[in-house]
Amino acid sequence: MSNKLKLITDGLVKNNPTFVLILGMCPTLATTTSAVNGLSMGLATLFVLVLSNIVISAIARFIPDKVHIPAYIVVIATFVTLVQFLMQAYTPAMYETLGLFIPLIVVNCIILGRAEAFASKNGVWDSALDGIGVGLGFTCSLTVLGAVREILGSGSIFGWNFLGGDGMLAFVMAPGAFLCLGYLMVLFNKFLKKD
Amino acid sequence: MTYFLIIISAIFVNNIVLAQFLGICPFLGVSNKLSTATGMSMAVCFVITLATLVTWLINRYLLVPFGLTFLQTIAFILVIASLVQMVEIVLKKTSPSLYAALGIFLPLITTNCAVLGVAIDVVTKQFTFGGAAHFLSLGESLVYAFATSLGYGLAMVIFAGIREQLALSDVPKAFKGVPIALVTVGILALAFMGFSGMVK
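Just so you know, the protein sequences line up as chains P and D, in that order.
Take any residue in the first sequence, note its place counting from 1, add 29, and you have its number in this note's numbering.
Take any residue in the second sequence, note its place counting from 1, add 163, and you have its number in this note's numbering.
One or more hints might be untrue.
No farther apart than 27 Å at their CA atoms in a straight line, the calculated lysine-lysine pairs in the DSS-like style are these [what the hints assert, rightly or not]:
1) P:43 <-> P:219
2) P:95 <-> D:255
3) P:43 <-> D:336
4) P:95 <-> P:219
5) D:255 <-> P:219
6) P:43 <-> D:339
7) D:256 <-> P:95
8) D:196 <-> D:336
9) P:219 <-> D:288
If you are wondering where the hints come from, they were derived from the structure by calculation, not from laboratory data.
Just so you know, these numbers come straight off a predicted model, no measurement behind them.
Given the sequences, and given the hints that come with them, work out the whole structure.
In structure tokens, the structure reads:
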């Protein structure tokens with residue numbers, strides 16, 4: 030059982046998609062204007078990642094080697110369209126906020142990366158756990174980055190304005206995304222990464 | 164005038180990398196050297212414009228008339244993937260020198276979210292260049308796509324220049340590699356914020 034648990038915890042620290050593998054930078058930078066936005070984007074990606082991992086690990090044996098990448102992309106795009114529908118129906122406001130970056134989950138290299146590196150070679154159950162681990166790692170990173178930017182940029186956290194004022198607007202805008210992620214990566218390298 | 168506003172807006176005000184966060188992976192990946200950065204920008208420029216042309220036509224004359232716009236994501240990514248393959252094959256035959264120059268960058272472009280991003284943007288978003296909000300016409304879309312990729316090239320070339328200098332400087336260990344690059348891009352984005360508000 031500890032082996033199965035390791036599949037999940039690996040995704041959080043050792044193979045953290047954002048801070049170690051440095052994958053999926055576009056949504057990471059673009060959608061983390063607040064903690065809630067980061068969390069939502071993370072969960073949407075987690076959903077697609079787990080489902081596409083499950084399906085791909087189940088059908089990988091039947092796909093001819095030559096067309097496996099296009100086949101994986103179709104599977105992923107199907108689930109992304111599903112997420113688009115679900116979010117449009119149940120969280121229309123969040124769908125508007127995240128906008129273009131929901132359909133762009135298709136080209137998030139984390140998902141195709143896990144399909145290629147893990148799901149195509151492992152069983153359904155393991156692939157699902159791997160998807161959960163990596164997805165959670167991505168979600169945590171995005172939420173932390175979103176929280177830091179929200180505190181600095183709007184003086185609030187999860188929408189609760191505890192500083193009672195405005196923050197430094199630049200941190201909600203584009204430059205803040207790059208700077209915050211850069212410095213968070215430095216902290217991660219310094220304290221969490223084992224060489 | 165509209166075309167002029169589109170060009171200024173796409174290159175400077177809403178720069179695709181520094182303001183819209185599209186195409187960051189190749190931006191960080193291949194900007195180590197000025198020469199590779201130029202090669203990648205040229206390939207991106209070529210593919211973005213071509214992909215926008217094809218996806219715009221498909222959306223207008225195939226997806227919209229049949230009420231299939233929910234298939235945009237799937238249809239566009241497949242079109243882009245096959246388009247990239249086709250461009251690769253055609254270039255290899257017709258223009259070996261250009262193929263050699265763009266070479267390894269072409270296959271990488273399929274997963275460059277800038278291409279899919281621009282293709283989806285021009286058919287789903289209403290723009291307000293020089294007047295009321297409207298969907299872009301084919302001509303405007305192409306100019307927008309081309310100018311956007313010029314903006315991509317501009318950001319890429321500036322950043323590659325900075326990075327070549329950065330490689331020679333003494334950077335603290337925890338900052339090495341991507342972190343210092345991100346901080347540099349952040350400062351570059353701050354500079355580009357000076358353009359904001361120029362085009363409404």
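A quick look at each hint next to the structure:
no.: 1; hint: P:43 <-> P:219; in the structure: 14 Å, holds
no.: 2; hint: P:95 <-> D:255; in the structure: 20 Å, holds
no.: 3; hint: P:43 <-> D:336; in the structure: 19 Å, holds
no.: 4; hint: P:95 <-> P:219; in the structure: 42 Å, violated
no.: 5; hint: D:255 <-> P:219; in the structure: 46 Å, violated
no.: 6; hint: P:43 <-> D:339; in the structure: 18 Å, holds
no.: 7; hint: D:256 <-> P:95; in the structure: 22 Å, holds
no.: 8; hint: D:196 <-> D:336; in the structure: 21 Å, holds
no.: 9; hint: P:219 <-> D:288; in the structure: 42 Å, violated
Against the hints set out earlier in the document, violations occur for numbers 4, 5, 9.
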